[in-house]
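Visitor: Be aware that the sequence shown starts at 0, since it is given in numbering that gives the first Met the number 0, and climbs by one per residue.
Hint data in this document are derived by calculation from the structure and do not stem from the laboratory.
Honestly, I wouldn't trust all of these hints.
Unchecked claim - Label-pair ranges, simulated between beta-carbon atoms:
id : residue 1 : residue 2 : range
1  : Gly71     : Arg191    : 22 to 28 angstroms
2  : Glu376    : Thr145    : 20 to 26 angstroms
3  : Arg191    : Leu253    : 41 to 47 angstroms
Unchecked claim - Keeping only pairs whose Cα atoms sit at most 20 angstroms apart, straight-line, the calculated EDC-like set for lysine to aspartate or glutamate is:
id : residue 1 : residue 2
4  : Lys360    : Asp151
5  : Lys79     : Asp183
6  : Lys165    : Glu101
7  : Lys360    : Glu344
8  : Lys165    : Glu56
9  : Lys79     : Asp106
10 : Lys79     : Glu93
11 : Lys79     : Glu143
12 : Lys360    : Glu376
13 : Lys79     : Asp189
14 : Lys79     : Glu56
15 : Lys79     : Glu155
16 : Lys79     : Glu156
17 : Lys165    : Asp91
18 : Lys165    : Glu155
19 : Lys165    : Asp104
20 : Lys165    : Asp189
C-beta atoms are modelled at their ideal positions from N, C-alpha and C, and glycine is treated no differently.
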Amino acid sequence: MITIAQTIRTRATTAAWSSRMTSVLWMLALLIAWGASSSAHAHLMVSQRGTLNFVDESAFMVLSVPASALTGVDDDGDGKLSTAEFNAHYQDVESQLEQRLELRDEDGPRPLQGLLINSSTEHDNAGSIDQLVLMGRFALASPEGTVWLHTDLFGEEEHERSLQIKATREDQVQLVVLTPDRNDAAIFPDRRHVLFEYVELGIDHILTGFDHVLLLLLVLATGWGWRRVTVALTCFTLGHAVTLVASVTGTVELSPALVEPAIAATLFGMAVFDWMAENRRWAIANQWRMVLVFACALVHGLGLASSLNELGLRDAHQLHSLVGFNVGIEIGQLLIATVAMLVLEVVRRVGGRAVYALALKIVSFVAVVMGAAWFVERVVM
Numbered sequence: 000m001i002t003i004a005q006t007i008r009t010r011a012t013t014a015a016w017s018s019r020m021t022s023v024l025w026m027l028a029l030l031i032a033w034g035a036s037s038s039a040h041a042h043l044m045v046s047q048r049g050t051l052n053f054v055d056e057s058a059f060m061v062l063s064v065p066a067s068a069l070t071g072v073d074d075d076g077d078g079k080l081s082t083a084e085f086n087a088h089y090q091d092v093e094s095q096l097e098q099r100l101e102l103r104d105e106d107g108p109r110p111l112q113g114l115l116i117n118s119s120t121e122h123d124n125a126g127s128i129d130q131l132v133l134m135g136r137f138a139l140a141s142p143e144g145t146v147w148l149h150t151d152l153f154g155e156e157e158h159e160r161s162l163q164i165k166a167t168r169e170d171q172v173q174l175v176v177l178t179p180d181r182n183d184a185a186i187f188p189d190r191r192h193v194l195f196e197y198v199e200l201g202i203d204h205i206l207t208g209f210d211h212v213l214l215l216l217l218v219l220a221t222g223w224g225w226r227r228v229t230v231a232l233t234c235f236t237l238g239h240a241v242t243l244v245a246s247v248t249g250t251v252e253l254s255p256a257l258v259e260p261a262i263a264a265t266l267f268g269m270a271v272f273d274w275m276a277e278n279r280r281w282a283i284a285n286q287w288r289m290v291l292v293f294a295c296a297l298v299h300g301l302g303l304a305s306s307l308n309e310l311g312l313r314d315a316h317q318l319h320s321l322v323g324f325n326v327g328i329e330i331g332q333l334l335i336a337t338v339a340m341l342v343l344e345v346v347r348r349v350g351g352r353a354v355y356a357l358a359l360k361i362v363s364f365v366a367v368v369m370g371a372a373w374f375v376e377r378v379v380m
C-alpha cells in the first residue's frame, strides 16, 4: 500500500526531473539553432541584440557583441578580427567574454558556463569578423527575484555603443538597453526599484537634453518672477506628460523624422514670437503665454517618449516607469530653473538692469540660432 510519504517523494522526484528536462530541452534548442546558423557563417542575428531566457534556476543567454569591444586581439588594428586573429586569440576572447559579461543575484556574481562562441562576418568581406555571437548559461541561486546584468562589451563605432537584450521569465518580458553610460541594469526589479530608476533617468535626460534645456531657458528669459515661472514649468510638465503617455501607450504614433524637426521649430518659433511681442509692444496676456508653453511641451513630449522607448519601458511596471520618468523630468526642470534664476538674479544685482536685459536677449538669440540650425540639421539628416 502506497503511503502519503511515498506519494510526496514520488511527486518531488517527478518535479525535479521535469525541471531538469526543461533545462536540457532549452539547451538542446539553443544548440540546434546555433548549429543551423553556424553553417551559414554570416550575420547570425541582429548586431548588438540578444536574448536572456530564465528557466527555473538557469538563465540562457544568446548575444551578439562587436568584435572591436575586445582588447589585445586585433593584431593589425583595423577594428575587425580576421579568421586567423580569432583562432590565434580564441582563449583570450573566451576569457574576456566570461569576465566582462556578468550576471548577479542576491548571492553574488553568477559565472557564465558552457560558453560557445561563433564569428559573424561582414556580407561584403567574408574574411572580416565584425560580430561575435556567444551562447552560455548562468546558474542562479533562485528561480525568482531580481538579477543584475553588467557588461562593458561596447564597440568603437557609434552604432556599436549599445546592446539590446530581451529578457523573458514565464509571462514576464523586459527589454534591457545597455550603453557605456548605463552598463548595469536590473532585470525583473520590484516596483520601488523601477520608480527610483526612472526618476534618475528622467533627471539625467532633461539635464543632458540641450533642446529641452534651451526651451526652459527661453521661458525664463521672459523675465518672470518665481510664481509665474513655477506656473510655466507646471504647464510644460503637463504638456509633455500628455503626449508622453499617449505615445508610450500607442494612442499617438509619429515618426522621429517628424518629431525632431518639430522640437527644433518650437525653439525657433517661441523665440521669434517673444522677440516680435517685445519689439511691437504686443499686450500678450500671461495665460496665452502659458498656452504657448503648453503647446511647445506637447511637441517635446513626443521626443521624450521616443527616448523612453529607447531606454526600454518596464512592461511589467509601466505605470511606475511613466510616473518615475515624469517626476525625474520635473525635478530636472526645477534644478535648471533654480540655477538659471539665481544666475540671472546675480547678473541683475551686479550688472544692473541694462546687463540683465542684455542677458535675456542673448538667451533668445541663442534659441533662434540653435533652433534654426537644429531644424535644418534634423530635416537634412
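Visitor: Please go over all the hints and tell whether each is borne out by the structure.
Guide: Consistency of the hints with the structure:
1. Evaluation of the 22 to 28 angstroms hint for Gly71 and Arg191 yields a failure: the beta carbon distance comes to about 42 angstroms.
2. Distance hint for Glu376 and Thr145: a CB-CB separation of about 41 angstroms, inconsistent with the stated range 20 to 26 angstroms.
3. The supplied range of 41 to 47 angstroms is broken by Arg191 and Leu253, whose beta-carbon atoms lie about 33 angstroms from each other.
4. For the proposed pair Lys360 and Asp151, the alpha carbon gap of about 44 angstroms is over 20 angstroms, so the pair is violated.
5. The suggested pairing of Lys79 with Asp183 is violated, with an alpha-carbon distance near 26 angstroms, which exceeds 20 angstroms.
6. Of the supplied pair hints, the one linking Lys165 and Glu101 holds, its CA atoms being roughly 16 angstroms apart against a limit of 20 angstroms.
7. Straight-line distance between C-alpha atoms of Lys360 and Glu344 comes to about 15 angstroms, which keeps the hinted pair within the 20 angstroms bound.
8. For a cut-off of 20 angstroms, the pair hint linking Lys165 to Glu56 stands: about 18 angstroms separates their Cα positions.
9. Between the alpha carbons of Lys79 and Asp106 the distance comes to roughly 37 angstroms, so the proposed pair goes past 20 angstroms and is violated.
10. The straight-line distance between the Cα atoms of Lys79 and Glu93 is roughly 17 angstroms, inside the 20 angstroms bound, and the hint therefore holds.
11. This hinted pair does not check out: Lys79 and Glu143 have alpha carbons roughly 39 angstroms apart, beyond 20 angstroms.
12. About 24 angstroms separates the Cα atoms of Lys360 and Glu376, which puts this hinted pair outside 20 angstroms; it is violated.
13. Simply put, Lys79 and Asp189 have alpha-carbon atoms about 40 angstroms apart, too far for the 20 angstroms limit, and the pair is violated.
14. As the CA atoms of Lys79 and Glu56 are separated by approximately 36 angstroms, the hinted pair breaks the 20 angstroms bound.
15. For a cut-off of 20 angstroms, the pair hint linking Lys79 to Glu155 stands: about 10 angstroms separates their Cα positions.
16. Straight-line distance between C-alpha atoms of Lys79 and Glu156 comes to about 11 angstroms, which keeps the hinted pair within the 20 angstroms bound.
17. Note on Lys165 and Asp91: the hinted pairing is violated, with a Cα-Cα distance of about 27 angstroms set against a maximum of 20 angstroms.
18. Distance hint between Lys165 and Glu155 is unfulfilled; the C-alpha atoms sit about 23 angstroms from each other, more than 20 angstroms.
19. This hinted pair checks out: Lys165 and Asp104 have alpha carbons roughly 18 angstroms apart, not beyond 20 angstroms.
20. A threshold of 20 angstroms between alpha carbons decides the hint, and for Lys165 with Asp189 the separation of about 18 angstroms falls inside it, so the pair holds.
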